Amino acid sequence: MARLFITPREIDFISDLTKEINKDVIGQKIFYYKIRADLTDIHEVYEEAMTKVFDPPVEIEARVDWDPSDVRTNKFGSETFKTIQAYIHYRDLLDRNLEAKEGDYLSYGNVFFEITSAIFTSLIFGQVEYKTGIKLACKQARKGQIDFKFHGPTDESDTTSDAIQKTFVQQRGKSVNREGETADKRALIEQGKIDLTEEKPVEVSARGDESNVGSSFYGDDYDN
Amino acid sequence: MSSFSNTFRPTPFGFFDEDQTYIREADAMVTFVKRKLGDDILSVELTKKQIWACFEESFLEYGRIVLEAHGKSQLTNLLGIPTGSLKGAEELHPRQNLEFALRAAEPYAGEAGVGGSYKVISGSIDLEKGRQDYDIYEELKHSDGSLLVSSSLNSPRTKMKIMEVMHFSPQAAYRFFDTTSAINYLNNEFSFESFTPETVFYVLPVFEDILRAGQMDISNRVRRSNTSWQLVGGNLRIFPIPTDVSNGKKLYVKVMFNPDPLNPHVEDGTIYGVSNLSNVPFGQLRYSKINEIGKQWCRQYAAALSKELLGLIRSKFSSVPIPDGDLTLNGSDLVSQGREDQNNLRDKMVELLDTLSYGNLLKAEAESAEAIKTVLRSVPIPLGKAIVMG
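Top line first, the protein sequences correspond to chains A and B. Heads up: the first sequence begins at 1 in my numbering, then just goes up one per residue. Heads up: the second sequence begins at 1001 in my numbering, then just goes up one per residue.
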């Protein structure tokens, strides 16, 4: 679309809408494990590392296209194999100063995945400098390549305390919400075009449930 | 967070930026509008200045509707008053008057010769023996000899309208009692017939007098050379043909010129006063001077305007690209809802004000009075103490 109509301000608007959908509505997230090539011992001949060194995981909101497991059978027997595609908002990565690359790892649920390709999904209204997001095609990582404790939510059959996400708190462009730092930045708010909401981010949690056991919408801030 | 009072030029026009009541409400309006549009949960992409602009527009719209209705109701009383600086009358309750009706009746009064704003002037034509036709544009003159049509009252020059020709038929009454009585001719000349000592009264039915007068009048017209005139173009034809014009006999005529509605012969400052709704001296209402009915209307209208504005922002794109998909925005829904809300509020306000026009209030009062009478009729009244209503 013509640059006459789509200016950086419109791009900011679109970016903020997308972030809102990802962070304040959908709430899917992955944990990104960036490989530290400089700290990893790489084999001189094969240029591979048996043991990899990672940065601490980064929690990133993403839209995840989850494929059912593929069962493969060969002469060694059968194995269950998973793949996912994760779509990450491009500006969200820029805000975190994180570059998504092939070879990095991520966890989604109780599975670690290796990123096999990281490609931009599309341009925003054809303007080459603005990308909507990055599509990460991921395959299940082989055991031993990455071995960390999973961050929830994982699966309701798990017994770990964070296996089920019982609390979802919006971010609304605030740097901190009830769960801690958010790394959320909204361009229009940062530029002073619109005001940061004066309300506290609402949440879906046990606080919204009368019995304080279940989970429901909670928007009152009198006892925050 | 910025507030209304510490924001530079918070509203587009700044009409009410000094009104303390307005200032207090303006900050609350931001919270009201944002909450109404769901900002507690999902972002409402409106700035405070946009909401304040909507608030300002809502009060301007309220003022327009109220003053329009007031003007409609009161225009007849306000026509002609000084326009001044086009403000000052918006919060006043004008006294009723009949100026509009009287002004409308004025031309009829003028035609009847009992009022009006235009002068009737008279002149004369020198009659000539045996000549029946006289050109009023060439021969009708003032006493100083100048043509009547060239009068300064007739600028620019227009056609003259004959109001009266002093060329009367003898009144039938002078023949009532004695057709040959010399005294009756004198009486007719000096218009005091029926009051002379020679008058004799008979006790007769009145129709007898009427019938006899009619008979004499027809006799004058048929048997005698009845006095009359007619105007054909610019020529005045008189009947009968003049025979005796000794001593310079003149025919006197009263005329009027084409009335210039903006320049009557009587000085009238109201011509430069209020002429229609556009220059009635209605300025802006003051927010601090309107009651809660009006304030609540403004709040709701500001919310509706904000809803439409948010819709316009969101409908700049029907959908926006997001990673692996498109996000459809609800802009068009918001626009149509916002406009519908505005229309409803406006329609209800116009409808309400229409029922409250001064004319309709009078009708309501009349209906109320009738209803009271109806109710009182059914109230038992002690014997002998009845006060009958209506």
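By construction, these hints were calculated from the structure, which means they are not laboratory data. In this text, all values refer to a predicted model and were calculated from it rather than measured experimentally. Beta carbons are placed, not taken as given, at the ideal position from N, Cα and C, and that holds for glycine. You may find that some hints are simply not true.
[What the hints assert, rightly or not] Quick list of in silico lysine-lysine cross-link-like pairs, DSS-like style, CA-CA up to 30 Å:
#1 Lys1295(B) / Lys193(A)
#2 Lys131(A) / Lys34(A)
#3 Lys1049(B) / Lys174(A)
#4 Lys1363(B) / Lys131(A)
#5 Lys1087(B) / Lys1129(B)
#6 Lys1072(B) / Lys1295(B)
#7 Lys185(A) / Lys1049(B)
#8 Lys1161(B) / Lys1295(B)
#9 Lys34(A) / Lys139(A)
#10 Lys1119(B) / Lys193(A)
#11 Lys29(A) / Lys131(A)
#12 Lys1049(B) / Lys1289(B)
#13 Lys82(A) / Lys174(A)
#14 Lys1036(B) / Lys1249(B)
#15 Lys1049(B) / Lys200(A)
#16 Lys139(A) / Lys174(A)
#17 Lys200(A) / Lys1316(B)
#18 Lys185(A) / Lys75(A)
#19 Lys1141(B) / Lys1254(B)
#20 Lys1316(B) / Lys193(A)
#21 Lys143(A) / Lys29(A)
#22 Lys143(A) / Lys131(A)
#23 Lys1036(B) / Lys166(A)
#24 Lys139(A) / Lys29(A)
#25 Lys166(A) / Lys143(A)
#26 Lys1119(B) / Lys1254(B)
#27 Lys1316(B) / Lys185(A)
#28 Lys1254(B) / Lys1049(B)
#29 Lys1159(B) / Lys1295(B)
#30 Lys1316(B) / Lys174(A)
#31 Lys1072(B) / Lys200(A)
#32 Lys1363(B) / Lys1295(B)
#33 Lys34(A) / Lys75(A)
#34 Lys1072(B) / Lys1049(B)
#35 Lys193(A) / Lys1049(B)
#36 Lys1348(B) / Lys174(A)
#37 Lys1295(B) / Lys185(A)
[To be verified] Not close to chain A: a few residues of chain B, all C-beta gaps over 12 Å, as computed:
#38 Ser1002
#39 Glu1045
#40 Met1216
Evaluated hints:
1. Lys1295(B) / Lys193(A): 28 Å, holds
2. Lys131(A) / Lys34(A): 22 Å, holds
3. Lys1049(B) / Lys174(A): At roughly 22 Å apart (the allowed maximum being 30 Å), Lys174(A) and Lys1049(B) satisfy the hint.
4. Lys1363(B) / Lys131(A): 69 Å, violated
5. Lys1087(B) / Lys1129(B): Answer violated: Lys1087(B) to Lys1129(B) is near 67 Å, above 30 Å.
6. Lys1072(B) / Lys1295(B): It holds: about 22 Å lies between the C-alpha atoms, which stays within 30 Å.
7. Lys185(A) / Lys1049(B): 22 Å, holds
8. Lys1161(B) / Lys1295(B): 59 Å, violated
9. Lys34(A) / Lys139(A): Measuring from Cα to Cα gives roughly 16 Å; hence the hint holds.
10. Lys1119(B) / Lys193(A): Roughly 70 Å separates the two Cα atoms, so the pair is violated.
11. Lys29(A) / Lys131(A): 20 Å, holds
12. Lys1049(B) / Lys1289(B): 24 Å, holds
13. Lys82(A) / Lys174(A): 35 Å, violated
14. Lys1036(B) / Lys1249(B): 92 Å, violated
15. Lys1049(B) / Lys200(A): Holds, at about 22 Å.
16. Lys139(A) / Lys174(A): 34 Å, violated
17. Lys200(A) / Lys1316(B): Cα-Cα ~29 Å, so holds.
18. Lys185(A) / Lys75(A): With Cα atoms ~51 Å apart, Lys185(A) and Lys75(A) exceed 30 Å; violated.
19. Lys1141(B) / Lys1254(B): Answer holds: Lys1141(B) to Lys1254(B) is near 11 Å, not above 30 Å.
20. Lys1316(B) / Lys193(A): It holds: about 17 Å lies between the C-alpha atoms, which stays within 30 Å.
21. Lys143(A) / Lys29(A): 22 Å, holds
22. Lys143(A) / Lys131(A): 34 Å, violated
23. Lys1036(B) / Lys166(A): 28 Å, holds
24. Lys139(A) / Lys29(A): 17 Å, holds
25. Lys166(A) / Lys143(A): Holds: Lys166(A) and Lys143(A) sit about 29 Å apart, inside 30 Å.
26. Lys1119(B) / Lys1254(B): 10 Å, holds
27. Lys1316(B) / Lys185(A): 23 Å, holds
28. Lys1254(B) / Lys1049(B): 70 Å, violated
29. Lys1159(B) / Lys1295(B): Not satisfied, since the Cα-Cα distance of roughly 59 Å exceeds 30 Å.
30. Lys1316(B) / Lys174(A): 26 Å, holds
31. Lys1072(B) / Lys200(A): 50 Å, violated
32. Lys1363(B) / Lys1295(B): 28 Å, holds
33. Lys34(A) / Lys75(A): The hint is violated at about 34 Å.
34. Lys1072(B) / Lys1049(B): Violated, at roughly 34 Å.
35. Lys193(A) / Lys1049(B): Holds: Lys193(A) and Lys1049(B) sit about 10 Å apart, inside 30 Å.
36. Lys1348(B) / Lys174(A): Distance of about 42 Å is beyond 30 Å: violated.
37. Lys1295(B) / Lys185(A): Measuring from Cα to Cα gives roughly 38 Å; hence the hint is violated.
38. Ser1002: 8 Å, violated
39. Glu1045: 6 Å, violated
40. Met1216: At about 95 Å from chain A, Met1216(B) clears the 12 Å cut-off, so the statement holds.
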